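Protein chains: 2
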Amino acid sequence: MRLAVVGGVAAGTKAASRARRVDPELDIVLYQEEPDTSISECGLPYRLSGTVGSRDSLIARTPEEFGEKGIEARVLHRVERVDHERRVLTGRNLKTGEPFEEGYDRLLISTGARAKMPPFEGSELAGVFPLRFLTDSDAILEHIREHSPGRAAVVGGGYIGLEVAENLVSLGLEVTLVESAGHVAAAYGSEVAGKIQDHLAEKGVSVHTGQRVDGFSDGGHGDGQVRSISFEGREAPAELVIVGAGIEPVVELAEEAGAEIGVTGAIRVNERMETSLPGVWAAGDNVESSHLVGGAPTWAPLGDTANQMGRVAGTNAALADGDTPLEFPGVLGTGIFKVFDLGVAKTGLLESDAAEAGFSPVSATVEAGSSAGYYPGGQEVFLKLVADKDSGRVLGAETCGAQADKMVDICATALWGRLTVADLINLDLAYAPPFGPALSPVIQAATIISGKL
Amino acid sequence: MRLAVVGGVAAGTKAASRARRVDPELDIVLYQEEPDTSISECGLPYRLSGTVGSRDSLIARTPEEFGEKGIEARVLHRVERVDHERRVLTGRNLKTGEPFEEGYDRLLISTGARAKMPPFEGSELAGVFPLRFLTDSDAILEHIREHSPGRAAVVGGGYIGLEVAENLVSLGLEVTLVESAGHVAAAYGSEVAGKIQDHLAEKGVSVHTGQRVDGFSDGGHGDGQVRSISFEGREAPAELVIVGAGIEPVVELAEEAGAEIGVTGAIRVNERMETSLPGVWAAGDNVESSHLVGGAPTWAPLGDTANQMGRVAGTNAALADGDTPLEFPGVLGTGIFKVFDLGVAKTGLLESDAAEAGFSPVSATVEAGSSAGYYPGGQEVFLKLVADKDSGRVLGAETCGAQADKMVDICATALWGRLTVADLINLDLAYAPPFGPALSPVIQAATIISGKL
Numbered sequence: 220m221r222l223a224v225v226g227g228v229a230a231g232t233k234a235a236s237r238a239r240r241v242d243p244e245l246d247i248v249l250y251q252e253e254p255d256t257s258i259s260e261c262g263l264p265y266r267l268s269g270t271v272g273s274r275d276s277l278i279a280r281t282p283e284e285f286g287e288k289g290i291e292a293r294v295l296h297r298v299e300r301v302d303h304e305r306r307v308l309t310g311r312n313l314k315t316g317e318p319f320e321e322g323y324d325r326l327l328i329s330t331g332a333r334a335k336m337p338p339f340e341g342s343e344l345a346g347v348f349p350l351r352f353l354t355d356s357d358a359i360l361e362h363i364r365e366h367s368p369g370r371a372a373v374v375g376g377g378y379i380g381l382e383v384a385e386n387l388v389s390l391g392l393e394v395t396l397v398e399s400a401g402h403v404a405a406a407y408g409s410e411v412a413g414k415i416q417d418h419l420a421e422k423g424v425s426v427h428t429g430q431r432v433d434g435f436s437d438g439g440h441g442d443g444q445v446r447s448i449s450f451e452g453r454e455a456p457a458e459l460v461i462v463g464a465g466i467e468p469v470v471e472l473a474e475e476a477g478a479e480i481g482v483t484g485a486i487r488v489n490e491r492m493e494t495s496l497p498g499v500w501a502a503g504d505n506v507e508s509s510h511l512v513g514g515a516p517t518w519a520p521l522g523d524t525a526n527q528m529g530r531v532a533g534t535n536a537a538l539a540d541g542d543t544p545l546e547f548p549g550v551l552g553t554g555i556f557k558v559f560d561l562g563v564a565k566t567g568l569l570e571s572d573a574a575e576a577g578f579s580p581v582s583a584t585v586e587a588g589s590s591a592g593y594y595p596g597g598q599e600v601f602l603k604l605v606a607d608k609d610s611g612r613v614l615g616a617e618t619c620g621a622q623a624d625k626m627v628d629i630c631a632t633a634l635w636g637r638l639t640v641a642d643l644i645n646l647d648l649a650y651a652p653p654f655g656p657a658l659s660p661v662i663q664a665a666t667i668i669s670g671k672l
Numbered sequence: 220m221r222l223a224v225v226g227g228v229a230a231g232t233k234a235a236s237r238a239r240r241v242d243p244e245l246d247i248v249l250y251q252e253e254p255d256t257s258i259s260e261c262g263l264p265y266r267l268s269g270t271v272g273s274r275d276s277l278i279a280r281t282p283e284e285f286g287e288k289g290i291e292a293r294v295l296h297r298v299e300r301v302d303h304e305r306r307v308l309t310g311r312n313l314k315t316g317e318p319f320e321e322g323y324d325r326l327l328i329s330t331g332a333r334a335k336m337p338p339f340e341g342s343e344l345a346g347v348f349p350l351r352f353l354t355d356s357d358a359i360l361e362h363i364r365e366h367s368p369g370r371a372a373v374v375g376g377g378y379i380g381l382e383v384a385e386n387l388v389s390l391g392l393e394v395t396l397v398e399s400a401g402h403v404a405a406a407y408g409s410e411v412a413g414k415i416q417d418h419l420a421e422k423g424v425s426v427h428t429g430q431r432v433d434g435f436s437d438g439g440h441g442d443g444q445v446r447s448i449s450f451e452g453r454e455a456p457a458e459l460v461i462v463g464a465g466i467e468p469v470v471e472l473a474e475e476a477g478a479e480i481g482v483t484g485a486i487r488v489n490e491r492m493e494t495s496l497p498g499v500w501a502a503g504d505n506v507e508s509s510h511l512v513g514g515a516p517t518w519a520p521l522g523d524t525a526n527q528m529g530r531v532a533g534t535n536a537a538l539a540d541g542d543t544p545l546e547f548p549g550v551l552g553t554g555i556f557k558v559f560d561l562g563v564a565k566t567g568l569l570e571s572d573a574a575e576a577g578f579s580p581v582s583a584t585v586e587a588g589s590s591a592g593y594y595p596g597g598q599e600v601f602l603k604l605v606a607d608k609d610s611g612r613v614l615g616a617e618t619c620g621a622q623a624d625k626m627v628d629i630c631a632t633a634l635w636g637r638l639t640v641a642d643l644i645n646l647d648l649a650y651a652p653p654f655g656p657a658l659s660p661v662i663q664a665a666t667i668i669s670g671k672l
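Here the protein sequences come in this chain order: A and B.
Its first residue numbered 220, the first sequence is counted upward by one per residue in my numbering.
Its first residue numbered 220, the second sequence is counted upward by one per residue in my numbering.
Mixed in with the good hints there might be a few duds.
Unchecked claim - List of simulated lysine-lysine pairs, PhoX-like, C-alpha gap at most 25 Å:
1) LYS671/A to LYS608/A
2) LYS314/B to LYS414/B
3) LYS288/B to LYS314/B
4) LYS288/B to LYS671/A
5) LYS288/A to LYS671/B
6) LYS288/A to LYS314/A
As the list claims (entries may be wrong) - Between beta-carbon pairs, the in silico distance windows are:
7) ALA358/A to LYS608/B: 46 to 54 Å
8) GLY289/B to GLY514/A: 46 to 54 Å
9) GLU421/A to GLY272/B: 24 to 32 Å
10) ASP357/A to LYS422/B: 41 to 49 Å
11) GLU599/A to GLY289/B: 31 to 39 Å
Since the hints were made in silico from the structure, they are not lab data.
Given the structure is predicted, the values throughout are model-derived calculations rather than measurements.
All residues carry an ideal CB built from backbone N, CA and C; glycine is no exception.
Using the sequences and the accompanying hints, generate a full structural model.
Structure (structure tokens):
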């Protein structure tokens, strides 16, 4: 029995490892288009500044290590077509250029997501890069070594763009960030975004919101090297451009094989991570999931979620018939990032999403300290909590500042348990003066909302 | 209508403030034996070192401020007897020495807890102190100013003793800590306690566990000043001794008035914070509560819990007949403290408690980093998670190191929501490299336990 896994970053490698443990006899082949496996893509922005010093440290497990565990990892192997009726994969060995055709019994598709590259004028210039794969970071670092850029532009103020901006500033570059939406961090509310933008300004990043990028130019040098970015008729010098214009799921292989694509544009799977094709599982940034608060199909392309999905998909793909499969119930849309000294996080539905999902959202905002008022060293904690007016159920939260990771994880756990604001008011959280105020901002916010119900 | 509140620290002041908001017409009198109200007792250890510099900063609200809110706060008023049939309080004004007798309609007892002082030989020597009230810290600071002690002893390795040890070391004293149990932090398991003891040793505290204190001596000087502590035949020099031998609920007033005392020795109340006497509520360190995991009556004398109980009791004591009262469902036994650079926390039932409560506990221990492995600056996070073998329900957790506050609050929220390890495995917590490993230690521990079920 052979399990073919297509895609070897987070979900695929986790799935292969789990399948190996579930069925030691299974023949497992992992196809990976890139030269490396098990890449910690979330660490890539930090490689640019040298915060993460070694390329190898971003590789959790090499093809050789997979080999030792009895998983055949074929890197630089691009799978181009799945004939699921015949149970055959065809593709190309990118090292030799040779085509290959191989059979399988069960298939797991974990092709992930890729960076979107809008058709900006001058996108083909040297010095303009996406940052999605480890090989992208190789190319950016080589460009920096060769050209020693002094000024950089970042297109997009999502979390990747913000992390890149921080790391380029750390490297000593002057950074211009251009975002087409009205504020950076479009998934967040304007209060959190305002705090991020203030923080970016303090750190010397030149931020332009509500500005569409027109393109990039070599400044008439004719050498094909980027020199500037232009947006809404303005121009800023940039010898390096990183485009963080979002990502999209890689679904072509699954779609052509006949697997159903969901409303979000990612592959549709059930709780067992099965696609619509019998014997084909999918997991990671290429699938959609259920939102556990709103119920709608949701695309949540994140490393930790991919890992959790991979565990379920890999286990199920290796089970004998009749064994009880694992289930992945869905996501809360939890996310976090750091930009310079500011943590920013969210979970669940914010107000506008909650209204769209049919709730009657009511919210409360708390600004508190990360320690008791009298205990020195406290930093600002911002928390906005959203609940449903009718049921009191907690729907979501966004937070920034100190302890953003703690705040969001408490709220995510509360969402998972379907807790109400009445629960949160009496919740027995941990208090001592060095760790926060006597009543957590979560309890404070719930108490305010309770007064509005 | 008059509400008398006896005791004005956390629960009493919160209750009085809530009662004021619920019924603006209510006549509210707050009796407080100490000279100050609304004292942040959790901050007292930090006053010794000057980490908390100002005495006033530990007073959240003064008697005058209560007056402005329409709450009459009578400090230095000791209530000595309650005649609940007549609805009369009698006591003594400690400033004037005059007795008083005053009527009430409703009564709220928030007399808190006091430090235990075991009958050690030499307890009466100058320089031997408990640390429970703000006035205790006044006396200790005066002793330090007058006598400039170079060496101190701390009796008891509970969280107060450990916090005091840290603060005395910060002040430049040599500190000997003596604990009668087999390890410090008796409420925790031996792994966490071992880490605390290693950390204390690194910081230069001389720790003696499994040693009973015999007493204190003035070294034959006959001047009544403490010079040493003796334990199990050994002696250590100490010109200052802080006894942190535990606390006990102050229940005499309630007991003599006829209120039922629970099995823990604290006042028994229902979810509405009503005592067995109609028209008498109680809240704070003097009452017991239900444990929401084990179900047993539990005494959880902590500032945040007192605050939450005070909110419920104060609201209910001010409601008109027929209004829906608030409820305080119970506690999880959550606690946290910092000792030097180490955070230590727990929630719910640890293994031995869980077995006693009729569960079949199974546990997993995880040692992880506070950031992704490749991201610099990560510190050790230790987490032990306990679940029930039959149901998979999460029962408790203990944690120490970095992010102890985050770990314990995630677990406390999970306990409140009665989540299982299967829930935790797929829980959508927040991940980015600066904040932890891709899968939280909570998820890792749940996955290990799941494999044992």
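Do the hints match the structure? See the list:
1. LYS671/A to LYS608/A: Distance ~8 Å between LYS671/A and LYS608/A Cα, so the pair holds.
2. LYS314/B to LYS414/B: Violated: LYS314/B and LYS414/B sit about 47 Å apart, past 25 Å.
3. LYS288/B to LYS314/B: It holds: about 24 Å lies between the C-alpha atoms, which stays within 25 Å.
4. LYS288/B to LYS671/A: Judged against 25 Å, a Cα distance of about 22 Å means the pair holds.
5. LYS288/A to LYS671/B: holds, 22 Å
6. LYS288/A to LYS314/A: Judged against 25 Å, a Cα distance of about 24 Å means the pair holds.
7. ALA358/A to LYS608/B: 46 to 54 Å: holds, 52 Å
8. GLY289/B to GLY514/A: 46 to 54 Å: At roughly 48 Å between Cβ atoms, GLY514/A and GLY289/B fall inside 46 to 54 Å, so the hint holds.
9. GLU421/A to GLY272/B: 24 to 32 Å: The hinted range 24 to 32 Å holds for GLU421/A and GLY272/B, with Cβ atoms some 29 Å apart.
10. ASP357/A to LYS422/B: 41 to 49 Å: holds, 45 Å
11. GLU599/A to GLY289/B: 31 to 39 Å: holds, 32 Å
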